[in-house]
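Novice: Here is what each chain is made of, one letter per residue.
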Amino acid sequence: MSLDKNHSDDSALQKLRDILFKQEASRISAIEEVHHDPALYTEEVAKVIAEAIALRSKEDKDLGKAMRPAIEDALNISISENPKPLSDALFPVMGPAIRKAIQHAIAGMLQSLNKSLEYAFSVKSLKWRLEAARTGKSFAEVLLLHTLKYRVEQIFWIHKESGLLLKHLSFDPSLDEDADVVSSMLTAVRDFIQDSFAGDGEQEVQSMRLGDLVIFVEQAPDSVLAMVCRGNPPLSLRENMEQTLENLQQEFHPVLNNFEGDATLFDSAQEQLSSLMLVDYVNEEKKKSPVKLLVGVGLSLLILLGYWGWGEIQDIQQQERWHAYVKALKSQDGIVVTDAKEENGQYYISGLRDGLSVDPVSMLSQFQFNKKNVHYDFQPYHALQADFVLKRIRQRLSTPETVSMHIKDGVLYVSGKTSSDWIKTFHAMRYWIDGVHAINDKGLHERSSLLDRVKKITQPPDSIMMTMQDSKLLISGSSTAEWLQHARNALQGIKEVTAYDDKSVEIIDSLSAILRRANEALNPPKTVRLYVTKTKRIVAKGYASSSWITQAKHGVKTIAYARGFDDKKLQTIEQFVLQHATKVLLPPSSVHLTFSKGTLIASGQADVAWMKMAKGKALGIKGVEQFDVSNVQLSVSSWQTLKTVIDKTQLVSLANSPTLQSEDKRILQTLASRYQKALKLNPSSVLAIDFSYGSGEKLVTQLRYKKISQVLAKYGLKEKHVRLSFHGHKQSTQGSHMTFTLLSDRERS
Amino acid sequence: MLQKKICILGAAGAGKTSLTAQFVYSKFSEKYLSTMGVKIDRKKVVVGDTQVNLMIWDIHGEEKFKKITSSYLRGASGLVMVVDGTRPETITIAKEILQRVEQDVGDLPYVWLLNKADLVDEWSLSERHLNDLKEMNKPIYHTSAKTGEHVEDSFLALAEMLLLG
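Line order of the protein sequences matches chains A and B.
This note's numbering puts the first sequence at residues 1 to 749.
This note's numbering puts the second sequence at residues 1 to 165.
A portion of the hints provided could be inaccurate.
[Said to hold, decoys possible] Derived BS3-like pairs: lysine-lysine, alpha-carbon spacing no greater than 30 Å straight-line:
{"id": "1", "chain 1": "A", "residue 1": "K160", "chain 2": "B", "residue 2": "K27"}
{"id": "2", "chain 1": "A", "residue 1": "K536", "chain 2": "A", "residue 2": "K495"}
{"id": "3", "chain 1": "B", "residue 1": "K134", "chain 2": "A", "residue 2": "K160"}
{"id": "4", "chain 1": "A", "residue 1": "K622", "chain 2": "A", "residue 2": "K612"}
{"id": "5", "chain 1": "A", "residue 1": "K622", "chain 2": "A", "residue 2": "K526"}
{"id": "6", "chain 1": "A", "residue 1": "K137", "chain 2": "B", "residue 2": "K27"}
{"id": "7", "chain 1": "A", "residue 1": "K160", "chain 2": "B", "residue 2": "K31"}
{"id": "8", "chain 1": "A", "residue 1": "K22", "chain 2": "B", "residue 2": "K27"}
{"id": "9", "chain 1": "A", "residue 1": "K137", "chain 2": "B", "residue 2": "K31"}
{"id": "10", "chain 1": "A", "residue 1": "K541", "chain 2": "A", "residue 2": "K597"}
{"id": "11", "chain 1": "A", "residue 1": "K137", "chain 2": "A", "residue 2": "K160"}
{"id": "12", "chain 1": "A", "residue 1": "K160", "chain 2": "B", "residue 2": "K146"}
{"id": "13", "chain 1": "B", "residue 1": "K138", "chain 2": "B", "residue 2": "K44"}
Just so you know, these hints were derived from the structure itself, not from any lab.
Because the structure is a prediction, the values reported are computed rather than measured.
Bound conformation, chain A alone (with noise of 0.2 Å):
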């Protein structure tokens, strides 16, 4: 039964759900149709997925994420079952899209070329490698130094609390290496510098820089983002930094905040982080074309290419222009070249040349030749042609400009006026001028000169050369003292020669002009010495060979303006020898000496003592040759054997006694016997009496002297012959003592 009701309670309900809902129940039930028939659903799909991605696609990329794998999958099956189609499809963008990366490319590449050619021709390229030499860096390194306005050369992105690497990016793939502990030591580093001394405070580092290296931090919630930059970046790239890193913090935010060190989860930022590699170079103040240097490059290539042939141009021009200059000179007048050639760089001409003809050297450069190269063999000769005739005759004669020459039909015309002198000269000239047959010089007239005048006036003597300089007058040679007076007053008289000059003027009768024409014309020995006495009277002095003498006596009478010759002072040489021969012998009145071709020769009687200095002292004499003693005789009792004898005689008297005692006498008889023999031998001969006496003697010793005085008398001895001498003592002696010395007349004196 409640079954029943159950049943019946149910059916009712539908009745009324029936009743409320039929409608809505058949719309949903039409929607389920729909919805569960793939055919109908899909039809409705179809209708909205347009707007439903585009307004998905709108609100964020999940919608693209989540068909790429379809797309993917889609594209692959496509591409592996018909490419066709798809790479039709593509073609319209893939075309321009090859090109553009090709362009790229090459764009790239040129630049880096036009870097490469700049660098390695220049000046600059040389001085960077001399720094990169001295150093020690690549020059690669220095040529960036010098090149960069900035590069990023490595970015970091660095997760904030643990300093783990999340993306390193390096222009230097060998910088990944240390990548990680650069990292990390990068957040210690900043880290130190933020807690000592930035304190609690939120202060954050935000740069590092090292000589031109800079490294730019900047921080998000969960990462850091640190550049390495050389040079001095721009603002802007700053700017691209921050960026970045709020896009790269936004994107990431998740997996940083869970970050487990897992670090390829972030290889999607890549695209993001390469954006910020940039590099910039320096513009140069004027851009180089390449083009230019690849000229440049070529042109270095022709010149080195070329070099060989431009030295056979070279040795060709040359053998060219020394054509030419064999062929100028043939052309001269003046010369005739007969041989001309060219051996090892060095050329040889060889000919006959005028010397009034042209330089051939003055030609060279003209032919651009060294005149060291070029060798001459030119013999002189005398070229006929009438310049060369007219300009020798012009050379040779000194030809004043008024006095005109010509040759027509080989005759020498001169006409002209002009001074004498020049005429005389031309006419004792004439006969020889060569090239001419026959010379015509009617024209030729005198012209009387103020020289001419000159000369008129002053009448000089042939010795006597005069010029003209201005009116300047010159006078040079010789003449009389008496002519170059009156010239000198004629001159005054003559106006337009306002000065005039004759220092060189030889007064021909001075005493010095006559001396030296002496001289000349009598050539004296030199133990003759001429002079000239004012009344211009040669006087000789000394001694010559007769024969000079003889000579000079006939000589002196051609020598100009000398009168007379004064010979009295002049000794024969035989005189003269035997002149000094005794006064250096002193020959006892007992010897004769003369003197005869070189012999002085001794005769007569002398002592052996004599003659032993004789024969010592005679072959000194200049001009003795020989010493003839053989007519000499010994005399027996020699004066010096006669004055040992008597320098040996002594008297000794008794004191106070003036008296002679018997043997005094006959001392003194002897000694005077001794003297008379000395005197016989040498004239000159003196007794010496030296007579030695104590205090109170002098009175009796002069007593005895007279004494003595007449004993010597006595036997023939004069007060001449007696030379006396006293000597007193102080003390008392015992009597005199009396000493007897023989003296020579020289010792006497």
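Add chain B to chain A, keeping to what the hints say.
Specialist: Chain B only, in chain A's frame:
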């Protein structure tokens, strides 16, 4: 490849730098330790199929009253606590450091290194000291920078702890 920041801590003279000097890649010289108080090295280990780069922050040994720069600890995944076996006081200092690290950055996995194992005869650690360490329930390695004993093992063990939990 995974990266993990670990800090190597301990008293001054416990031998931290000697441990890292021979067995890790050092780009930076020790002068950073004395100037900045930290030097960062890298140790690559392989756990299973995974290569792990341990970024080792060798933090200047702490003297009693000298604080470790706490910012150096931020973001660390693990610690290496080094104790000098010949100086028991280094255990006390290490414990103090641990406490501070926990305060600053929370609990981190770590290993104990009882260093200077080559001088084990001179060790002066008492049983109490060793028991204290064991009670912390962390791996303890007797290491020697001189002989290399257990150094590699200790780093590998820490890496495993970091990866496997």
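Novice: Against this structure, judge whether each hint is valid.
Specialist: Right, here's what the structure says about each hint:
1. For the hint linking K160/A to K27/B, the alpha-carbon distance of about 21 Å falls within 30 Å, and the restraint holds.
2. Taken as a hint, the K536/A and K495/A pair is broken in the structure, with Cα atoms around 37 Å apart against an allowance of 30 Å.
3. Annotation: proposed proximity of K134/B to K160/A is violated, straight-line Cα distance about 35 Å (limit 30 Å).
4. For a cut-off of 30 Å, the pair hint linking K622/A to K612/A stands: about 19 Å separates their Cα positions.
5. At most 30 Å may separate the alpha-carbon atoms for a hinted pair to count; K622/A and K526/A meet this at roughly 14 Å.
6. Straight-line distance between C-alpha atoms of K137/A and K27/B comes to about 22 Å, which keeps the hinted pair within the 30 Å bound.
7. For the given pair, K160/A sits about 25 Å from K31/B by alpha-carbon distance, which is consistent with the 30 Å threshold.
8. Between K22/A and K27/B the alpha-carbon distance is near 83 Å, which puts this suggested pair outside the 30 Å criterion.
9. Distance restraint check for K137/A and K31/B: the Cα-Cα separation of roughly 26 Å lies within the 30 Å cut-off, and the hinted pair is therefore satisfied.
10. Proposed proximity of K541/A and K597/A is supported: the alpha carbons are some 22 Å apart, at most 30 Å.
11. With a CA separation close to 35 Å, the supplied pair K137/A and K160/A exceeds the 30 Å bound.
12. In summary, the hint linking K160/A to K146/B is not supported, as the alpha carbons are separated by about 36 Å, beyond the 30 Å threshold.
13. At most 30 Å may separate the alpha-carbon atoms for a hinted pair to count; K138/B and K44/B meet this at roughly 22 Å.
Consistency with the previously given hints fails for numbers 2, 3, 8, 11 and 12, ordered from lowest to highest.
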